[in-house]
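Guided by the hints, dock chain R onto chain B, whose structure is given.
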Amino acid sequence: MDTISTDVAIIGAGGAGLRAAIALAETDPTLRIALISKVYPMRSHTCAAEGGAAGVIKPDDSFDLHFDDTVGGGDWLSDQDCVEYFVHEAPKELLQLEHWGCPWNREADGSVAVRPFGGMKKQRTWFAADKSGFHILHTLFQTSLQFPSITRYDEYYALDLLVDDGRCQGVTAMEMRSGQLRQFHAKAVIIAGGGAGRMFPFSTNGAIKTGDGMAMAYRAGAPLKDMEFVQYHPTGLPNTGSLLTEACRGEGGILVNKNGRRYLQDYGMGPETPVGKPQLKTMELGPRDRVSQAYWHELQKGNTVPTQWGDCVLLDMRHLGEKKINERLPLVRELCASYLQVDIVKDPVPIRPVVHYMMGGISTNTAAATPLPGLFAAGECACVSLNGANRLGSNSLIELLVFGRRAALSAIEHIQGLPASNTAALNARAGETQQRIDKLFSSTNGTESMSGLRKEMMDTMEKNVGIYRTEDGLQEGVSKIHELRQRYCDVKLTDKSNVFNTDLFQALELGSMLDCAEAVTVGALARKESRGSHQRLDYVERDDKKFLCHTMVHHQGLDVPRVDYLDVVITKSPPGVRDYSGDHK
Amino acid sequence: MTQMKERLVQLEVLRYNPDTDTEAHFQRYEVTCYEEGVVLDALNKIKADIDPTLNFRWSCHMAVCGSCGMMINGEPKLSCHTFLREYEGVIRVEPLTHFPIERDLVTAPDDFMEKLKRVKPYIIPKEDKPISEGEYKQTPAQLMKFRQYSMCINCMLCYAACPQYGLTPEFIGPAALTMAHRYNQDSRDGGRKERQEVVATHEGVWECTFVGACSEVCPAHVDPASALQQMKITSSIDWIVEHMIPGGKK
Numbered sequence: 001m002d003t004i005s006t007d008v009a010i011i012g013a014g015g016a017g018l019r020a021a022i023a024l025a026e027t028d029p030t031l032r033i034a035l036i037s038k039v040y041p042m043r044s045h046t047c048a049a050e051g052g053a054a055g056v057i058k059p060d061d062s063f064d065l066h067f068d069d070t071v072g073g074g075d076w077l078s079d080q081d082c083v084e085y086f087v088h089e090a091p092k093e094l095l096q097l098e099h100w101g102c103p104w105n106r107e108a109d110g111s112v113a114v115r116p117f118g119g120m121k122k123q124r125t126w127f128a129a130d131k132s133g134f135h136i137l138h139t140l141f142q143t144s145l146q147f148p149s150i151t152r153y154d155e156y157y158a159l160d161l162l163v164d165d166g167r168c169q170g171v172t173a174m175e176m177r178s179g180q181l182r183q184f185h186a187k188a189v190i191i192a193g194g195g196a197g198r199m200f201p202f203s204t205n206g207a208i209k210t211g212d213g214m215a216m217a218y219r220a221g222a223p224l225k226d227m228e229f230v231q232y233h234p235t236g237l238p239n240t241g242s243l244l245t246e247a248c249r250g251e252g253g254i255l256v257n258k259n260g261r262r263y264l265q266d267y268g269m270g271p272e273t274p275v276g277k278p279q280l281k282t283m284e285l286g287p288r289d290r291v292s293q294a295y296w297h298e299l300q301k302g303n304t305v306p307t308q309w310g311d312c313v314l315l316d317m318r319h320l321g322e323k324k325i326n327e328r329l330p331l332v333r334e335l336c337a338s339y340l341q342v343d344i345v346k347d348p349v350p351i352r353p354v355v356h357y358m359m360g361g362i363s364t365n366t367a368a369a370t371p372l373p374g375l376f377a378a379g380e381c382a383c384v385s386l387n388g389a390n391r392l393g394s395n396s397l398i399e400l401l402v403f404g405r406r407a408a409l410s411a412i413e414h415i416q417g418l419p420a421s422n423t424a425a426l427n428a429r430a431g432e433t434q435q436r437i438d439k440l441f442s443s444t445n446g447t448e449s450m451s452g453l454r455k456e457m458m459d460t461m462e463k464n465v466g467i468y469r470t471e472d473g474l475q476e477g478v479s480k481i482h483e484l485r486q487r488y489c490d491v492k493l494t495d496k497s498n499v500f501n502t503d504l505f506q507a508l509e510l511g512s513m514l515d516c517a518e519a520v521t522v523g524a525l526a527r528k529e530s531r532g533s534h535q536r537l538d539y540v541e542r543d544d545k546k547f548l549c550h551t552m553v554h555h556q557g558l559d560v561p562r563v564d565y566l567d568v569v570i571t572k573s574p575p576g577v578r579d580y581s582g583d584h585k
Numbered sequence: 001m002t003q004m005k006e007r008l009v010q011l012e013v014l015r016y017n018p019d020t021d022t023e024a025h026f027q028r029y030e031v032t033c034y035e036e037g038v039v040l041d042a043l044n045k046i047k048a049d050i051d052p053t054l055n056f057r058w059s060c061h062m063a064v065c066g067s068c069g070m071m072i073n074g075e076p077k078l079s080c081h082t083f084l085r086e087y088e089g090v091i092r093v094e095p096l097t098h099f100p101i102e103r104d105l106v107t108a109p110d111d112f113m114e115k116l117k118r119v120k121p122y123i124i125p126k127e128d129k130p131i132s133e134g135e136y137k138q139t140p141a142q143l144m145k146f147r148q149y150s151m152c153i154n155c156m157l158c159y160a161a162c163p164q165y166g167l168t169p170e171f172i173g174p175a176a177l178t179m180a181h182r183y184n185q186d187s188r189d190g191g192r193k194e195r196q197e198v199v200a201t202h203e204g205v206w207e208c209t210f211v212g213a214c215s216e217v218c219p220a221h222v223d224p225a226s227a228l229q230q231m232k233i234t235s236s237i238d239w240i241v242e243h244m245i246p247g248g249k250k
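In the order they appear, the protein sequences are chains B and R. Numbering follows our numbering, in which position 159 of the first sequence is assigned residue number 159; successive positions increment by one, without gaps. Numbering follows our numbering, in which position 13 of the second sequence is assigned residue number 13; successive positions increment by one, without gaps.
Misleading hints may appear alongside valid ones.
What the hints assert, rightly or not - Below, a list of computed lysine-lysine pairs in the DSS-like style, where the Cα atoms sit at most 25 Å apart:
hint, chain 1, residue 1, chain 2, residue 2
1, B, K301, B, K323
2, R, K129, B, K58
3, B, K496, R, K45
4, B, K92, R, K129
5, R, K5, B, K258
6, B, K496, B, K463
7, B, K323, R, K145
8, B, K480, B, K463
9, B, K324, R, K137
10, R, K45, B, K455
11, R, K45, R, K5
12, R, K137, R, K126
13, B, K546, B, K455
14, B, K492, R, K129
15, B, K92, R, K126
16, B, K545, B, K492
17, B, K463, R, K45
18, B, K572, B, K545
Worth flagging that the hints you see were computed from the coordinates, not collected in a lab.
Chain B extracted, bound-state conformation (with noise of 0.2 Å):
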C-alpha cells in the first residue's frame, strides 16, 4: 500500500474543510496539507445552503444579542463559552470571505446587506442572492488554488483513522477512480466531513451526506455528542425534499393552513403580523424546531392540505411581488418552477418539514479539538456545542469558517514537538482497512441487499425518530437499528470492479450511516425530556435537573453504544423561557 506523508491531513473540502486549509497554508507556507475528499470541493454539500451567514456588523446589533438568539435559539444546550467565541470571530471570518470575493448582497453605499432571519433579534445575515453556500464553497475553493502547500485529493474515499500511542496519525483513503487503497500518515487529521441526514428519507442533504467523517472518528473512539437532535427545515419541497431557503419568510413570505389561517399564531409565535412586513423573531420568524413543530400540530388537527406529495402547508410569497423574488429568491423561484411546477409569482408553494441538519456530531471544544489526540474536527460533522438544541438559520456557515479556520490552528499547535510515529505500528493499522475492504470483495455468501438495508434503515428513522418521539417508538427504533448492523455484516457487494465502484461506496457509506443512526436513536431514548428539536410526546415539558448536559455516545463495536453525559457550559445566561410572542406581550 502507498503511504502519503504529510502534516496535516484533512478530511473533506466543503466550507470547513477548506478554510481549514488556507489557514493552515497561510499560516505556515512549509506545511504540507492534504485535503482528502470524495468527491470534488465544488460538489461539497456547501453549495446547497441558500440563506445566508450570521455576524454582527450593523450599528444596532451586539455580540451579546448574536449571543441571546443563539442560547435561546438552543433552548440552553449551547456551551455559552463556545457561543462567546463565536459570535466575536463570525464577523471577521465575514469579512476575509468578503476580502477573497465573495459576492455578499450589498446596500446602495457598497456596504454589505443583511437580511432578517428565523430566530434572530436583529438583521445580522450577510446573503448573496439566495445562493449563499454555493458563493461561500467556490470563494473558498478559488482561493485555495493559489496556495502550492495544499495538495488536493479529489475523489479519495476515507476509510479508518490511523491511531497509535494514544492519538490520532494519519487515515486510509481509496482512490475511486483505481480502487487503490492508500495510507495518509499525518501529524495531526482534521475532520470536517458534514452531516448524516441521508439516513432519513425524506431530506435536504445531497446523497453525499452519509457521516462518513462522524462515523469514523466514532469508531476510533471520539465519542459522538448530541446526536438525538435532529432539525427538521420547516420548508421543503414535498416531493424532492428540495430545500425552500428560510429566506422565503425572512423577505415576508407567510405559512397557511387549509383555511388560509396563518397557524403559526396558535403555537405560541402569535400575535399575527401584517402580511408582507415581518417581525424579528417571531410568527413566521420563529426558530426552526417551533415552525417545524407547528406543522405536526396541523397535520394532528386535519388542517393540513392533502396533495399529491403527501400533507402539506402553504408557503405564500405573492405579495413580495415578481421583483423582489426576482432579485431576492431567484433559485427559489426556479426550484418551485421546476420541480413542482408551480410559480411563486403566482401561486402559494405546497411546501413539508423535512430533515436539514444535525445538531450534533463529533464531540469538539472550542478549539475544535476532540478528545483523541491529534483529532480535530468542524462544520457539521462536529458538535461544539455551539448550535445546542436547535441551530438557528444562517449560523452553520458561519460556523463552517469560525471552526474551520480554528481547527486549523489548533493542528498547528498540537504538531509542535511530537514524538516521532511508529510506522510499523500505522501500518498494521491501514492493513486493518485493507482486511475490511478484501472481506467484502471475496465475500461470495453476502444475503443482505445494501439498497434493502437502507430502505429499511430509512423508514425506521422516519417512522420512530421524527419531529415527536415516544418511549415505545424509540424502543422500537433502537432495536431495529441495532438488528440492521448486525445484519450488515452480512451485506452483498454486487459490483467486484476496482474502478469507480459506487456499489462498494454507497456499501461503505451505509456503515456510516448505521453507526450514526444507531448513536441518534440510543440518544433519543435516553434523553427523557423535551428540549429543541427533540420532543418526547411522553415528556413535554425541558428538564434542567436531569438533562442539561450534553448525550456522549461511545463505539462499542457490534454491541449497543455506551452512553453517558456532560455538563454544559454556562456562563452568563442561566435557562430560561424562549419567547417568540413579538412586542407583543
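Chain R alone, transformed into the frame defined by chain B:
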C-alpha cells in the same frame, strides 16, 4: 388525496469498464418512475432495484453541485434537472462528451480542473487591506458587472457543447475563461494583467469562434459566450493601446 402519477421509462445507457471491456456498449433498462421525475431519478431506481453495477455521479438533486452532467439524447444536461415529461420513447444516456470516460457515465474532469487553476480564479488585490479596516465598498452596480459570471457551477456542460474544445483540446474553454472574466470585472481585483498572460492567447479567448453553444446549454444562465466576447473586445483595446497609439503602455 390524489396519488402521484407514474410512467414507464426506457433508458439506453452507455456502459464501459476499462478493467473488463474492450469497448463501450449500450445497455437497455426499463423502470417505473414518477411522472414529474428527472432522468437522475430513473438512474437511481435502476441502481437500487435492477443493476447495482451502473455508475454515475450525483449529489444535490437541485442543479447546484454540478456533479451529474451527462449527454441525454445527445445534449449535455444535468440529469437532476432533465425532466422525464419532456421525453418520449427511449432516452439515450451517455457520459459527457470531450472528456475521457473513467467508467460508465463517470468522466475524468482533470483537464478542466487544471485549466480553472491556470486562469487564477481568485482576487489578486489592488492593494493590501487588513480585515480590521472592514469591507471593500462595492455598489450594487459594481456587483452586477460580474455577479452573473460568478454563478458557474463547474458542471462542464459548456465544454461538452463547445465544438472548438472538441477540435482543440488546448483551448482553455468557456467556464475557465468566464471565471477569469468574473475576477477581472470585480472592483476589488487588480489581477487582470496577470490573467491576460493566460487568457489573451491562442489557447485563450482567440480560440473561441463564437458558436454560442456554451451559453445555450448552461444550466446556471452564466452566458459564457458573452464573457468571452467582452474579453476579446478588451484584449483588442489592449493591443491597440500597445501598438497603434504613440506612447501607449509598454
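Hint by hint, here is what the structure shows:
no.	hint	verdict
1	B/K301 - B/K323	37 Å, violated
2	R/K129 - B/K58	20 Å, holds
3	B/K496 - R/K45	20 Å, holds
4	B/K92 - R/K129	13 Å, holds
5	R/K5 - B/K258	23 Å, holds
6	B/K496 - B/K463	34 Å, violated
7	B/K323 - R/K145	19 Å, holds
8	B/K480 - B/K463	11 Å, holds
9	B/K324 - R/K137	23 Å, holds
10	R/K45 - B/K455	12 Å, holds
11	R/K45 - R/K5	16 Å, holds
12	R/K137 - R/K126	14 Å, holds
13	B/K546 - B/K455	35 Å, violated
14	B/K492 - R/K129	57 Å, violated
15	B/K92 - R/K126	21 Å, holds
16	B/K545 - B/K492	47 Å, violated
17	B/K463 - R/K45	22 Å, holds
18	B/K572 - B/K545	18 Å, holds
Comparing the model with each numbered hint stated earlier shows that hints 1, 6, 13, 14, 16 do not hold.
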